[in-house]
Amino acid sequence: MKIAEINRQDEMIYPGHNACPGCGAALAVRYLTKALGKNIVLVLTASCWSIISGMPPLTALKCPILHCPFPSAGSVGSGVRRGLNARGHHDTTVVVLAGDGGTFDIGLQALSGAAQRNEDYIFVCYDNEAYMNTGMQTSSATPFGARTNTAPYPLYKEGEKKDIMQIMAAHTVPYAATATVAFPADLEEKLKTAQKVKGFRFIHILAPCPPGWGTESSDTIEVSRLAVATGFFPLYEVRNGTNWKLTVPADIKSASLSQYLGLQRRFKEMDDRRLNELQHEINRDYQRLLDQVAKVTAETQQ
Amino acid sequence: MLQAPFKETAAYACGTTAISVNKTGEWRFLTPERQFRQSPCRQGCLLQGEVPSWLDAVKRGRWEEAWQIMSHNNPFPALTGYVCFNPCQENCNRDQLDQGIAIREVEKAIGEWRLKNYEPSKAIMKKKRRIAVIGSGPAGLSCAYYLTQAGYMVTVYERSAQLGGMLALGIPEYRLPHRILKRELEILSSEGVVFKTNTSLGSDLVLNDLYQEYDQVFLATGAWIPRMSGLPGEDSDHVYNALDFLSNYNTGVLQKLGSSVVVVGGGNAAIDSARTALRVNGVHHVTLLYRRSRLEMPADQSEVEAAEREGVELIFNVLPRSIETKGGRVKGVTVDHSRTDRYGLLVDSSTSFCRECDSVIMALGQLADYSLFGTLASKQTLFAGGDLISGPATVPEAIRAGRLAAMAIRSVYEDFEVCEQEILAGEVVSFEALNLAAKVNLELQQKEAEPQREAERCLGCGTCNSCGICYLFCPDVAVDQVDGKFEVNLDYCKGCGICVKECPAQAMVMKGGGR
Amino acid sequence: MAFQMISGSQAAATAVQRVGVDLVAAYPITPQTAIVEALADFSAKGELGGEFVSVESEYAALACCNGAAATGARVFTATASHGLAYMHEMIHWCSGARFPIVMVNVNRTIGAPWCLDPDQGDSLSQRDTGWLQLYCANAQEVFDMVIQAFIIAEELLLPCMVVFDGFYISHTYEAVDVADADQVRKLVGPPAFAPQVIPGQPGNLHGLSTGETHLKLVKDRHQTMLRLPVLFNKINKAFAKQFGRSYNILETQIPSGAKRAIVAAGATAETVRWALPVLADTGLIQLRVFRPFPAAEIRQVIEENELTELLVVDRNCSVGMGGIFAQELRSALYELPKPPQVRSLILAGGVDLTEQMLVDLLQTTGNEENFALRWGDEF
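Chains as they are written, first to last, in the working numbering: chain A, 1 to 302; chain B, 1001 to 1515; chain C, 2001 to 2379.
Heads up, a few of these hints could be off.
Stated by the list, open to error - Pairs of lysine-lysine, DSSO-like flavour, derived with a Cα cap of 30 Å:
id: 1; chain 1: A; residue 1: LYS245; chain 2: B; residue 2: LYS1439
id: 2; chain 1: B; residue 1: LYS1379; chain 2: B; residue 2: LYS1196
id: 3; chain 1: B; residue 1: LYS1116; chain 2: B; residue 2: LYS1196
id: 4; chain 1: A; residue 1: LYS192; chain 2: A; residue 2: LYS38
id: 5; chain 1: C; residue 1: LYS2216; chain 2: C; residue 2: LYS2234
id: 6; chain 1: B; residue 1: LYS1439; chain 2: A; residue 2: LYS62
id: 7; chain 1: C; residue 1: LYS2338; chain 2: C; residue 2: LYS2259
id: 8; chain 1: A; residue 1: LYS192; chain 2: B; residue 2: LYS1439
id: 9; chain 1: A; residue 1: LYS2; chain 2: B; residue 2: LYS1485
id: 10; chain 1: B; residue 1: LYS1439; chain 2: A; residue 2: LYS196
id: 11; chain 1: B; residue 1: LYS1128; chain 2: B; residue 2: LYS1379
id: 12; chain 1: A; residue 1: LYS192; chain 2: A; residue 2: LYS2
id: 13; chain 1: B; residue 1: LYS1116; chain 2: B; residue 2: LYS1126
id: 14; chain 1: B; residue 1: LYS1127; chain 2: B; residue 2: LYS1182
id: 15; chain 1: A; residue 1: LYS62; chain 2: B; residue 2: LYS1023
id: 16; chain 1: A; residue 1: LYS198; chain 2: A; residue 2: LYS62
id: 17; chain 1: C; residue 1: LYS2219; chain 2: C; residue 2: LYS2234
id: 18; chain 1: A; residue 1: LYS245; chain 2: A; residue 2: LYS196
id: 19; chain 1: A; residue 1: LYS268; chain 2: B; residue 2: LYS1511
id: 20; chain 1: B; residue 1: LYS1122; chain 2: B; residue 2: LYS1108
id: 21; chain 1: C; residue 1: LYS2216; chain 2: B; residue 2: LYS1023
id: 22; chain 1: A; residue 1: LYS38; chain 2: B; residue 2: LYS1439
id: 23; chain 1: B; residue 1: LYS1485; chain 2: B; residue 2: LYS1439
id: 24; chain 1: A; residue 1: LYS198; chain 2: A; residue 2: LYS295
id: 25; chain 1: A; residue 1: LYS198; chain 2: C; residue 2: LYS2045
id: 26; chain 1: C; residue 1: LYS2216; chain 2: A; residue 2: LYS62
id: 27; chain 1: B; residue 1: LYS1116; chain 2: B; residue 2: LYS1127
id: 28; chain 1: A; residue 1: LYS38; chain 2: B; residue 2: LYS1023
id: 29; chain 1: A; residue 1: LYS62; chain 2: B; residue 2: LYS1485
id: 30; chain 1: A; residue 1: LYS38; chain 2: B; residue 2: LYS1485
id: 31; chain 1: A; residue 1: LYS253; chain 2: B; residue 2: LYS1439
id: 32; chain 1: B; residue 1: LYS1023; chain 2: A; residue 2: LYS2
id: 33; chain 1: A; residue 1: LYS198; chain 2: A; residue 2: LYS38
id: 34; chain 1: B; residue 1: LYS1439; chain 2: A; residue 2: LYS2
id: 35; chain 1: B; residue 1: LYS1511; chain 2: B; residue 2: LYS1023
id: 36; chain 1: B; residue 1: LYS1126; chain 2: B; residue 2: LYS1379
id: 37; chain 1: A; residue 1: LYS295; chain 2: A; residue 2: LYS196
id: 38; chain 1: A; residue 1: LYS192; chain 2: A; residue 2: LYS245
Quick caveat, the hints were computed from the structure, so don't treat them as lab data.
No experiment lies behind these values; they were computed from the predicted model shown.
Produce the entire structure from the sequences given, and follow the hints as far as they go.
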């Protein structure tokens, strides 16, 4: 089942859900559930998806959704996995879904614990780079220079976006990957790869948020594409914390950082100094990634 | 799933009803719509053919559907697939990516499919109106086709023994195999068109008399009178005009050209003549003389290139001054150098030379015979079209004229507006306007046959070609595929506009107004 | 069936092993560690039956139990003091989600400053979370209540906390009649509650609700919890048949003619029981169940015995209001036409209750200033 394939029956998400128009998070979950198939259980922590999934007696997904408190996602996932095992559901894929807050900030301890225990489930972080459900407050996933409602003009987010992938790699989890909504084929590939791996798997999905980022709702895909092209959000995977592979290279010639930021009102007040600082950060991190990939390539050739 | 006592309240804690009871389309204040825009191929097409649409049908292996779309504008894709100079292809946006689509090859494949898979139309309500079509060239045949499909009874008159007009007589076999025309004519006969050959208007038929038997008459007799050069020696033996030469060749009349032939002219008939002359027994060398430069040559460039490849010598910027003869036999053609400047053709007679040859083919164009109109009684309606009206033009243009004539005739009896095939509003979709980035997510299906593979390469340019990007990128699963076509489900569409923005073919727009 | 000299902690862990659970998730904290270690020991020997997971916090422990319980698994965890406080959000959640989780809390004072003594404030500050709370007075009760907690929780679909005092019970060795697994499982049976998460079945579990629907759910939980007294008696009939001993929601020991009683929960009740012979005309009311609060049962005891004075031992204090058991008791007595006087002894910080304290207290008469409220440091 390819997610680009047109088949209503295989869509796991019902139309009529509560996401805002152009929601990247809705797309991300649409893709991931379709890629993973029907035999999944979704553990859902506090995030926009707590709302998108609907108010019982309604539901937006064709699979069990277990809501849980904000910091608990990583641990509830462990329990669900082990509980299902105890009841003989070894084939069921457990997916823990959290936003950037539930992953980078309040959920980090549980995430780290589960990753370290190598719990057998897929942790998916859909990252819209701030607390969007509560109305755009700074999280540690908010990029440097962005304006938020807890860093209103003339303030801006100080400090860099936390590099969650390096943190997960440092846990030497069997599989970790980044993905974004403009590249559903790549996203699908990674989720299907993840589904076959045993142990802890981490997928970091950049999910643009039109109201929070101040983009046009129609620009969700475009802005996601530019995030990749500019090297701001590289698409790659890492196995066992050491085996790095770039899946969609940046295309710096075709896209500039100011073009990417220009689509987003949260960067409206970005001056050149800050732009350069952010560019420097991106270049440094992208180069580090390239080095990590090159090291792997060199080792395999030996 | 939940036990008592929790059962009664379980529904509040565990939702199992699909959220689709929420009609989130109510949130919408802008609405995406599919809107076809003009593609460069379609703009280039002399028939305004819906090129991207039938390419799409072929891509999906739906040949019947492709033929149906094709036949809106062109009932003879096999013919045009061979003889059209495909201006569509020259405009193709894909050229800027890698290489343009070989549109004519796909068109030809649709035509061949039609010829092979033709089945007589299901009973069409006959209208008891009888129509006479004079001339069995592409205009006449096209008119006959469309009228027959609309239930009219059509009789086609042809003055020669051969049906097809220019298709039969003017176009050499190497460009249009005889079997194609033969099969098209068979199909028309099966559809109920009556053909009468060896019947010439004026001598065998009197125009006014036709109205006794027919309700309307469509005159499509073409342009067959060769334009004369007035050069000295033009009336000698072994000086031919191109049409006579081609039709004789096509009907198997033996023509002795000698070993060396000069063709004068720069149109398609000149190229056809030169390439045909090469195929005549005994001819070793063919030279084509044209008064202007290569760039100014009206003939189709691919045909010119084919002629060159076959060994035709092209001499540009030369204007014949006289045809040299000796004892009534052609010896050569004397030419002056000539070139175009802003006032017209400048001729320099100081550097003239003589090109020796055994025969000359004059391809200076044809004129229509308007004398027939004079025989028409006053107040009588007459429909006319094709080369007869436009002057020498191309096969697709004649087919279009026949189609328009059929519509005009129908409008006499039916509540029917004569219109060109819908010409799409707005600018032609440029290569830059396309959104090809989204396509990385689509997996190319491996198609078995070449035409399908080729059709798959079509970028769509303003036409929905069912690529599915709108479906893929819809956060609300609000794009449905109904009978192969994509439609926005307005019950759930929140109007985000991603489908419009991401449509690779740019075949969607946002319209104001919500639910 | 055999008596073993074991600690309260071992009694708890052994009971869990005897019942048989699918998952134990736990995080160590004094004085609960002995339970975790004992369960880990069972796991190491392959005797636990289910999985033992060492998680990274108490919060994670209960969250992990929460996830497993959602799938229909029988789970257990144990904690104390700060650990329980750290779980607070999950404690609420488990109850709202109707997960029949059994948890042991070993009472310990919550800082600051750090303190290891058995203040009951940790479990009592979880009073309003929708958990059942059972207080044990000795190791035998620990063993028996842990077993019964599983039956209660799974029957009512509410989580159940078994509480006992740190060190006095958790680390004290007593002779405990330890039933073997077969007998226990005969009574408890395999997990019989329906799973909420079932692969292949869509279900939006515990998603957003309105206040109105939340109210309905709270009402349901409240009414369900009030079914405990009937259930408890039923369970103990079966328990008595199986093991020859049984329990009541209120354990009363009132000599005939006595018009006053001491009310206590946990280890203090055991101290009072031992002191009764030296306390003239005084009875004991042991609060075994704190949630649901046995108000009607207490009123009945008072009316039947025409009690005029209650002395409540509170090893806790709600700062600004006083002893928590005393408060709860006062509100339960409000409906009586002639309620007894309620006196409060506060031993917050986990201060030990001595026989001498009780003797002193009972000598104080109603005219004295410090009749109604006494603090443990005044003796």
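Compare the structure with the hints numbered earlier in the document and write down the numbers of the violated ones, lowest to highest.
none
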